[in-house]
Amino acid sequence: MEFAELIKTPRVDNVVLHRPFYPAVEGTLCLTGHHLILSSRQDNTEELWLLHSNIDAIDKRFVGSLGTIIIKCKDFRIIQLDIPGMEECLNIASSIEALSTLDSVTLMYPFFYRPMFEVIEDGWHSFLPEQEFELYSSATSEWRLSYVNKEFAVCPSYPPIVIVPKSIDDEALRKVATFRHGGRFPVLSYYHKKNGMVIMRSGQPLTGTNGRRCKEDEKLINATLRAGKRGYIIDTRSLNVAQQARAKGGGFEQEAHYPQWRRIHKSIERYHILQDSLIKLVEACNDQTHNMDRWLSKLEASNWLTHVKEILTTACLAAQCIDREGASVLIHGAEGTDSTLQAASLAQIILEPRSRTVRGFEALIEREWLQAGHPFQQRCAQSAYCNSKQKWEAPVFLLFLDCVWQILRQFPCSFEFNEHFLIMLFEHAYASQFGTFLGNNESERCKLKLQQKTMSLWSWVNRPSELSKFANPLFEANNLVIWPSVAPQSLQLWEGIFLRWNRSSKYVDEAYEEMVNIIEYNRELQAKVNILRRQLAELETEDGLRESP
Amino acid sequence: MEHIRTTKVEQVKLLDRFSTGNKSLTGTLYLTATHLLFIDSHQKETWILHHHIASVEKLALTTSGCPLVIQCKNFRIVHFIVPRERDCHDIYNSLLQLSKQAKYEDLYAFSYNPKQNDSERLQGWQLIDLAEEYKRMGVPNSHWQLSDANREYKICETYPRELYVPRIASKPIIVGSSKFRSKGRFPVLCYYHEEKEAAICRCSQPLSGFSARCLEDEHLLQAISKANPVNRYMYVVDTRPKLNAMANRAAGKGYENEDNYSNIRFQFVGIENIHVMRSSLQKLLEVNGTRGLSVNDFYSGLESSGWLRHIKAVMDAAIFLAKAIMVENASVLVHCSDGWDRTSQVCSLGSLLLDSYYRTIKGFMVLIEKDWISFGHKFSERCGHLDGDPKEVSPVFTQFLECVWHLTEQFPQAFEFNEAFLLQIHEHIHSCQFGNFLGNCQKEREDLKLKEKTYSLWPFLLDDQKKFLNPLYSSKSQRFTVLEPNTVSFNFKFWRNMYHQFDRTLHPRQSIFNIIMNMNEQNKQLEKDIQDLESKIKQCKNKQSDGVLTKELLHSVHPESPILKTSLCLKEQTLLPVNDALRTIEGSNPADNRYSDYTEEFSKSEPGVVSLEYGVARMTC
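Line by line, the protein sequences are chains D and S. Each residue of the first sequence is one higher than the one before, starting from 1 at the first, in our numbering. Each residue of the second sequence is one higher than the one before, starting from 1 at the first, in our numbering.
Everything labelled a hint here was simulated from the structure, so no lab data went into it. Hints should not be assumed to be uniformly reliable.
Some chain S residues well away from chain D (every beta-carbon gap over 10 Å; in silico) [unchecked claim]:
id: 1; residue: L146
id: 2; residue: D148
id: 3; residue: V276
id: 4; residue: L506
Partial list, derived from the structure: chain S residues whose beta carbon lies under 8 Å from chain D [as the list claims (entries may be wrong)]:
id: 5; residue: E303
id: 6; residue: R309
id: 7; residue: K312
id: 8; residue: L401
id: 9; residue: L407
id: 10; residue: Q410
id: 11; residue: P412
id: 12; residue: I515
id: 13; residue: D529
id: 14; residue: E534
Not close to chain S: a few residues of chain D, all C-beta gaps over 10 Å, as computed [said to hold, decoys possible]:
id: 15; residue: G64
id: 16; residue: V119
id: 17; residue: A139
id: 18; residue: R226
id: 19; residue: P464
id: 20; residue: P484
id: 21; residue: Q535
Heads up, the beta-carbon is just placed ideally off N, CA and C, and yes, glycines get one too.
Can you build the whole structure from these sequences, using the hints too?
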């Protein structure tokens with residue numbers, strides 16, 4: 001297919017662009033295969049350069065022959081284009097609609113994008129499972145790399161290489177896979193070096209109504225326990241939901257068969273409930289005319305912060321089992337691709353200082369989200385403005401980022417990166433020139449040959465010039481476990497995401513700059529004092545030497 | 001002290017407010033003439049001033065003892081368990097007596113002795129000079145003059161002696177107008193904008209009833225509008241909801257009839273009265289004091305309390321004032337019913353938006369002295385300093401502080417002071433430790449001889465200035481002359497650091513603010529160090545300039561002195577850690593009280609379900 005077929009009118013003059021907090025701009029609108037570009041041609045700069053894949057929904061209306069297209073983006077921005085001429089407007093609108101909903105992944109921009117920067121480090125090879133495993137292998141010999149999923153035959157949503165208990169062979173893993181949802185047998189997610197406890201994650205056990213059991217499954221997870229120790233299974237569904245899952249062949253671990261494990265049910269919502277929540281929240285934030293009561297009741301009705309609290313609480317609980325109770329944890333919900341990953345990865349943010357560094361956080365996203373098979377393509381296909389009632393969209397990853405932001409706010413010095421890093425990840429998960437978040441799992445990414453055909457997000461981000469934008473000036477390595485407060489009074493609406501396009505942050509940004517200046521000045525002064533002290537000491541020694549003989 | 005029967009109780013437990021696990025600290029409770037003091041087994045002291053106590057409650061006896069719950073005006077809530085009911089009863093009775101004094105003379109300020117002599121004390125009181133402040137604004141001038149009409153408090157007892165009025169308003173007009181205004185509070189100058197030659201004036205409601213009018217009052221308003229050479233019309237802002245103002249007409253009060261006054265534009269702004277505000281705060285505190293509060297209950301409670309709606313209403317009114325002056329160049333007359341609550345809020349906040357001086361530490365003190373203290377905001381009644389009518393208590397001033405806090409959030413660089421300054425002032429409007437906020441008007445304060453018998457708060461705050469400085473304050477920038485806050489609802493947030501000031505577990509564990517504040521201090525020190533070092537180096541060099549030759553010789557003999565190297569390392573080490581010390585992580589050590597909860601819970605047998613505890617996740621059986 002040629003993009004030209006979809007672009008009925010590639011260029012319209014005298015289009016007026018309206019954006020919040022900017023004056024309206026008149027210019028020429030151009031449509032390319034992947035971008036919508038508006039240029040005023042005044043100083044050769046483009047006023048707007050928008051990826052079609054970032055467009056979530058469009059509305060059009062007409063007043064006489066003047067058409068207006070309102071573009072709602074996946075990053076929640078809303079812009080308006082006034083296009084003279086009804087036909088041009090209709091053409092542009094239908095082209096945008098078609099180009100923003102391409103059904104083939106290989107037509108997406110990452111397959112056409114040619115980077116204008118020099119690749120210093122190929123991000124596709126930055127976080128290999130073997131390297132990650134090496135970090136553990138110095139501390140423990142109880143775990144091994146298994147290649148049982150090499151051809152994605154055992155579990156289609158797992159990567160080819162996983163970490164499993166050393167005492168369990170690949171044959172047993174194959175059997176366990178048949179007992180777990182989607183073949184997602186328990187694998188290592190995190191090893192707590194301080195006490196050797198671990199977080200494992202998996203899909204739900206397929207116990208069904210007749211209480212099926214699997215000896216290998218029991219053996220596998222018991223292999224992670226120290227003698228005489230108990231572990232915790234955190235089921236991210238309420239007991240009720242878990243029981244209902246049995247009717248559909250799913251279920252949960254029976255006490256009788258897993259006597260060394262204590263099961264805890266937490267209720268993290270999924271799918272359309274989260275999607276609805278996002279839609280309501282963004283709607284509430286976009287309406288500036290709400291009076292106070294209406295705003296607060298809309299904010300409440302969205303339930304967004306309730307979800308944040310539930311997810312954080314579950315993660316705290318997992319972290320607490322590990323660090324306070326000295327017990328290992330197995331986390332799963334139903335599929336083990338959403339709430340499971342939220343809880344497991346946030347627990348690591350709490351427990352593991354490395355995951356609060358830029359590299360460590362990237363590794364966490366790579367390992368616990370991308371390789372762990374979070375279906376990014378399905379979940380991020382649409383955002384807050386979608387009307388279609390598709391079943392698979394859900395802001396699972398955005399909720400995770402929001403939770404990280406909440407912890408960052410409470411521990412502003414313990415993260416190497418700043419809020420902009422999280423916002424950048426949100427943007428790229430929904431629309432990007434990079435291939436990193438394409439596909440739903442490693443198997444799909446392999447088939448798409450993303451490594452050969454697209455650029456990794458990390459190749460771009462990890463260049464010093466980019467990294468400097470995401471650096472937290474207050475960062476000071478903190479080797480402690482950081483326990484966030486999850487009280488409603490301590491949680492806040494993430495303004496950087498949800499109010500980003502709805503208010504001017506000028507004064508707050510300027511204050512931030514001033515803060516950076518103070519920190520940089522402090523560093524300069526310290527360095528200068530050190531140099532002067534050295535100079536003085538040298539002079540004094542010389543003095544001393546001169547006088548002593 | 002006749003009220004104290006038991007001065008010391010041992011083995012008292014202090015419960016964690018938000019823990020369901022009955023976690024507690026054990027220690028000793030002491031009752032002094034002024035404070036209740038709890039010292040726990042780690043020797044940590046909790047001081048509670050009797051005057052801060054809003055309510056004491058004795059709950060039903062439990063197996064571990066008799067619970068005593070104390071709620072403070074600074075929003076601290078403590079929950080003690082006293083082993084013996086008798087002791088509990090004694091303390092309860094004592095606190096009831098001590099927290100509600102019948103006479104001013106029994107308040108702390110009259111016994112508080114910061115070891116200053118009389119002249120120091122007097123100097124303290126002279127720190128804020130309102131005549132000086134009016135001069136700074138540019139009055140008296142050709143349009144405005146100091147009136148001596150109220151010099152002996154003859155016209156209005158609740159106004160200060162010195163009042164500024166339009167030059168063309170004669171004494172008979174003033175007297176006539178004052179008779180037509182509730183409590184004699186006739187229109188006077190409150191803030192003068194020199195550049196725009198426009199004024200903010202204040203008064204109380206007119207006694208207009210359904211049809212009464214007063215020529216002198218009409219003249220006075222006309223005089224005010226004439227005192228503005230640029231714009232002949234003026235706004236009259238009634239800060240009450242229209243319905244309330246109309247209801248007042250039946251009682252012979254009410255609001256100005258536009259037909260009777262030339263050149264006025266009348267406007268209601270709809271701020272609720274003190275009773276609505278009191279119960280709003282009450283609801284807010286009930287909600288956020290709930291254990292195991294859910295997000296939805298928190299927000300629906302926040303909504304139904306109406307608190308943020310009221311804050312927004314005050315802010316919107318202040319913005320109206322600022323706009324009238326800046327955009328339309330019009331003078332504004334503000335009133336409510338008596339003109340000492342909502343009027344004080346709106347006038348002071350409006351001035352703060354207009355004039356950057358009020359955003360400095362000293363200027364903010366002046367603003368409070370002028371618009372609140374001198375114009376007779378009834379601090380003693382609103383804060384319940386004495387055992388009086390509980391219906392007179394209302395958080396009007398707290399709301400003003402909260403509005404200012406919201407402004408500091410929107411304009412982080414526009415204020416010289418920080419949040420701690422606002423909290424400290426809030427602490428002292430209730431503490432009765434200083435004389436400033438005692439009494440309900442200037443006359444009452446003079447009768448109490450506060451300047452002779454008590455100390456002023458302001459010099460103590462100024463001495464402590466360092467703590468209250470905003471490290472991001474940019475005094476030079478002229479951009480901030482007039483603040484134009486955005487009052488879209490989502491800009492108003494729950495002020496956690498006020499209403500949960502003492503609930504440390506709810507606060508961020510690391511404070512950017514403190515780090516930057518310390519860093520700013522450190523930078524000043526480093527600048528000094530650099531100067532010192534540079535001058536020392538200069539001295540050294542001068543000393544050596546004669547012996548250059550020898551020096552070079554020696555250098556070639558000892559190219560690398562090992563002694564020198566080690567000493568340098570040591571020096572750098574001692575210098576560097578300052579930075580680390582700034583960033584100590586609060587509450588993240590294993591002794592963090594929030595998390596010691598868990599251990600106990602986990603060791604219990606077989607918990608089936610997990611419930612959410614306030615603030616933290618924990619397991620229950």
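Now for the hints, and whether the structure bears them out:
no. : hint : verdict
1   : L146 : 38 Å, holds
2   : D148 : 44 Å, holds
3   : V276 : 14 Å, holds
4   : L506 : 5 Å, violated
5   : E303 : 4 Å, holds
6   : R309 : 4 Å, holds
7   : K312 : 5 Å, holds
8   : L401 : 18 Å, violated
9   : L407 : 10 Å, violated
10  : Q410 : 6 Å, holds
11  : P412 : 4 Å, holds
12  : I515 : 6 Å, holds
13  : D529 : 5 Å, holds
14  : E534 : 7 Å, holds
15  : G64  : 33 Å, holds
16  : V119 : 35 Å, holds
17  : A139 : 21 Å, holds
18  : R226 : 16 Å, holds
19  : P464 : 23 Å, holds
20  : P484 : 8 Å, violated
21  : Q535 : 6 Å, violated
Of the numbered hints stated above, those contradicted by the structure are hints 4, 8, 9, 20, 21, listed in ascending order.
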